[in-house]
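Quick note, the sequences are listed as chains H and E, same order.
Here this note's numbering is used: the first residue of the first sequence is 1, the next is one more, and so on.
Here this note's numbering is used: the first residue of the second sequence is 1001, the next is one more, and so on.
In case anyone wonders, no lab produced these hints; they're calculated from the structure.
The beta carbon of each residue, even a glycine, is placed where N, CA and C say it ideally should be.
Careful: at least some of the hints might be erroneous.
Unchecked claim - Distance ranges between label pairs, derived from CB positions: (1) Ser293(H) with Glu1242(E): 36 to 46 Å; (2) Ala1311(E) with Lys263(H): 52 to 62 Å; (3) Glu107(H) with Cys1089(E): 21 to 31 Å; (4) Glu1090(E) with Pro259(H): 52 to 62 Å; (5) Glu1018(E) with Gly273(H): 54 to 64 Å; (6) Glu1048(E) with Asp269(H): 51 to 61 Å; (7) Ala1311(E) with Ala125(H): 30 to 40 Å.
Stated by the list, open to error - The list that follows gives simulated cross-link-like pairs (lysine to aspartate or glutamate, DMTMM-like), each with its CA atoms no further than 25 Å apart: (8) Lys1241(E) with Asp110(H); (9) Lys1319(E) with Glu107(H); (10) Lys1241(E) with Asp122(H); (11) Lys1305(E) with Asp217(H); (12) Lys1129(E) with Glu1223(E); (13) Lys1124(E) with Asp1099(E); (14) Lys1319(E) with Asp1282(E); (15) Lys1124(E) with Glu1153(E); (16) Lys263(H) with Glu1050(E); (17) Lys1129(E) with Asp269(H); (18) Lys118(H) with Asp1037(E); (19) Lys118(H) with Glu1223(E); (20) Lys126(H) with Glu1242(E); (21) Lys1246(E) with Glu100(H); (22) Lys1114(E) with Glu1090(E); (23) Lys1124(E) with Glu1223(E); (24) Lys1319(E) with Glu176(H).
As the list claims (entries may be wrong) - Covered by chain H, per the in silico footprint, the following chain E stretches (three or more residues, Cβ under 8 Å): (25) 1011-1017; (26) 1253-1259; (27) 1310-1322.
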Amino acid sequence: MADSETNTASGDDAPKRPEPSGNVDPASMTQISAKETLDVRSAKKTSIPEGLWLRCPGCDKMLFRKAMEANLHVCPECGHHFRISATERIRQLCDVKSFEPRRWKLEGADPLNFIDLKPYPDRLAKEQEKTGQPEAIQAGRAFIKGRPVALCCLDLTFMMGSMGSVVGEAITRSIEFATDRELPLIIVSCSGGARMQEGALSLMQMAKTSAALARFDDAGGLFISLLTDPTTGGVTASFAMLGDVILAEPGALIGFAGPRVIKQTIRQDLPEGFQRAEQLLDVGMVDRVVPRSELRNEIARIIDYAGK
Amino acid sequence: MSRAATNYELAFEKPLAELDRSIRDLEAAVLPETDSDQAQELARLRAEREDRLREIYENLEPWETVRIARHPLRPQTRDYVRLMFKDFCELHGDRRFGDDPAIVTGFARVGSIKCLVVGHQKGKDTAEKVACHFGCAHPEGYRKALAKMKLAEKFGLPIVTLVDTPGAFPGIGAEQRGQAEAIAVCMKEMSRLQTPIVSVVIGEGGSGGALAIAVADRVGMLEHAWYSVISPEGCAAILWKEANEKTNREAARALKLTARDNLALGIVDDVVPEPVGGAHRDPESAAENLQHWLTERLRELKRFKPANLPARRRLRFRKLGVTDGGASLVSLEGDE
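Can you build the whole structure from these sequences, using the hints too?
Set out below in structure tokens:
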């Protein structure tokens, strides 16, 4: 893979550190939504409590927020990987300025007229306002250490990264895009599973994405699936577990059923480390557990071995 | 008769119990082919029963449909195998870990058509239910299903799958042996099998555990089956914060999980009618209807070259969630 293919500063082998949002070069924001800053702020709101300091759930130490954020949202003390938004993920994973979002106008709809405690369209509107994103996914083309890739990042900050028709469609189109352009496909998963508010249509996205991956597979494409905390339900049971190579971030919860459901069903305590990335490695379900700081290197290396 | 007793265990069927008792009493008293007042009364009662039954079953709420789909007397895969198929040759085991009784596989004939049958089995008596984990399959079940389906492809046999599961089993062993992977691989591989696949939801179509064996060219649903992304109880527990009779009812309504709803959404291609009062009142007629539908669909699919089926099948699922024009779920403008 020629480094000249990149349009970015890919000579830098170290993963790019996220810059404090106030200092981001405005030019680098043009490809991403202008609402990105809003998205990042709200991402912090949902995944990390506000404040200058925060307590690490991994080691219980008080951390200086800026130091944690500058460390790829990883605890400098114990290595606990904090959850991050799709926007932050893209910033960490891709070469600077290289992410070009695919410009589909996929708008969520409410095919079931679904109402639980509040109507589904109201929930969607509230999530859109909160995150500044139209849906629980960002997809596009990017460069990782100079290698061109088709990239999808699920967004945990939007309805728990759940997969409805729009997410399923965006994943499928990204797979088709990767097939047509002969690009390696990277999907970063973090999701509560299929979205209940679209009923069986959400369920069908599992078959749709899996079938698209079968065709990508037939075409000889390379699919690297990155599982992050948490990846559960219908997302795990479709594209997320279908990677040619499956990577997982340390400590990530990965499973089909959620721990609570399993506990209720079998009425016994779950073993230590159950459904965590390290245990999935032990039982042979993932290829590698990769710390966030190593992801760019690892992905580039696998592309060099297996990509076209 | 235990059978008569359990036919009234659903609240909305209770009114029928008394009618049926009167009919049975009269049947015992009246000699066949007599034309007494009693015989006329019997005929009247039978007609009334038929009307009541039809009325009840035409006005079921979605939650009641779920209850019927789970009726203990409702025919299951092994019942349909007995009633519809000839010369069933069961095949066991996934060649990896074990033989999951929650998924039944084997060669069989429907009419003159040779095929492979794959179906969830929930179990009828307590021992079978426990062995089958109430129809919740483990990874080895899905791997067995896929292994046998690949055999069918190899030998040019069409595949018939009967879906009837509350969902894939949520347990420690299931997770550690790759429940998610087993389901995902089953769907992916089914999508590219070069042989006709016909699936029908005969009872419960619970989430990924159901879809795992339903990536088919034609998908049908029995009239009183349900099919959705989650059970009403699961949905109620999460979105209503508590699963009880009231929230289950609301969740069942919200999920649009009935056969008619799924037909309208394009998730299934056909609704297969059940006898009045549900398949559990007359399994033979239910099997007859189902066999008729299956045979028709298999004949229809025979027209296609097996090599062309995967692309069509993929397109069938590709379209779900996105439609063009008027009532589109997502708009397609602006694709580059």
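Cross-check of the supplied hints:
1. Ser293(H) with Glu1242(E): 36 to 46 Å: holds (43 Å)
2. Ala1311(E) with Lys263(H): 52 to 62 Å: Given about 43 Å between the Cβ atoms, the range is violated.
3. Glu107(H) with Cys1089(E): 21 to 31 Å: violated (51 Å)
4. Glu1090(E) with Pro259(H): 52 to 62 Å: Distance hint for glutamate 1090(E), proline 259(H) is violated at roughly 36 Å.
5. Glu1018(E) with Gly273(H): 54 to 64 Å: At roughly 58 Å between Cβ atoms, glycine 273(H) and glutamate 1018(E) fall inside 54 to 64 Å, so the hint holds.
6. Glu1048(E) with Asp269(H): 51 to 61 Å: holds (56 Å)
7. Ala1311(E) with Ala125(H): 30 to 40 Å: Given about 38 Å between the Cβ atoms, the range holds.
8. Lys1241(E) with Asp110(H): Holds: lysine 1241(E) and aspartate 110(H) sit about 22 Å apart, inside 25 Å.
9. Lys1319(E) with Glu107(H): holds (16 Å)
10. Lys1241(E) with Asp122(H): Cα-Cα ~18 Å, so holds.
11. Lys1305(E) with Asp217(H): The hint holds at about 22 Å.
12. Lys1129(E) with Glu1223(E): holds (24 Å)
13. Lys1124(E) with Asp1099(E): At roughly 19 Å apart (the allowed maximum being 25 Å), aspartate 1099(E) and lysine 1124(E) satisfy the hint.
14. Lys1319(E) with Asp1282(E): Measuring from Cα to Cα gives roughly 36 Å; hence the hint is violated.
15. Lys1124(E) with Glu1153(E): Cα-Cα ~31 Å, so violated.
16. Lys263(H) with Glu1050(E): violated (45 Å)
17. Lys1129(E) with Asp269(H): Holds. Lysine 1129(E) to aspartate 269(H) sits at ~24 Å (cutoff 25 Å).
18. Lys118(H) with Asp1037(E): violated (59 Å)
19. Lys118(H) with Glu1223(E): violated (30 Å)
20. Lys126(H) with Glu1242(E): holds (23 Å)
21. Lys1246(E) with Glu100(H): violated (48 Å)
22. Lys1114(E) with Glu1090(E): holds (14 Å)
23. Lys1124(E) with Glu1223(E): Satisfied, since the Cα-Cα distance of roughly 21 Å is no more than 25 Å.
24. Lys1319(E) with Glu176(H): holds (14 Å)
25. 1011-1017: violated (count 0)
26. 1253-1259: Since three or more residues must qualify, the claim that chain H covers the region 1253-1259 of chain E holds, with 4 doing so at under 8 Å.
27. 1310-1322: holds (count 8)
Going down the numbered hints, you'll see the structure goes against 2, 3, 4, 14, 15, 16, 18, 19, 21, 25, while the others check out.
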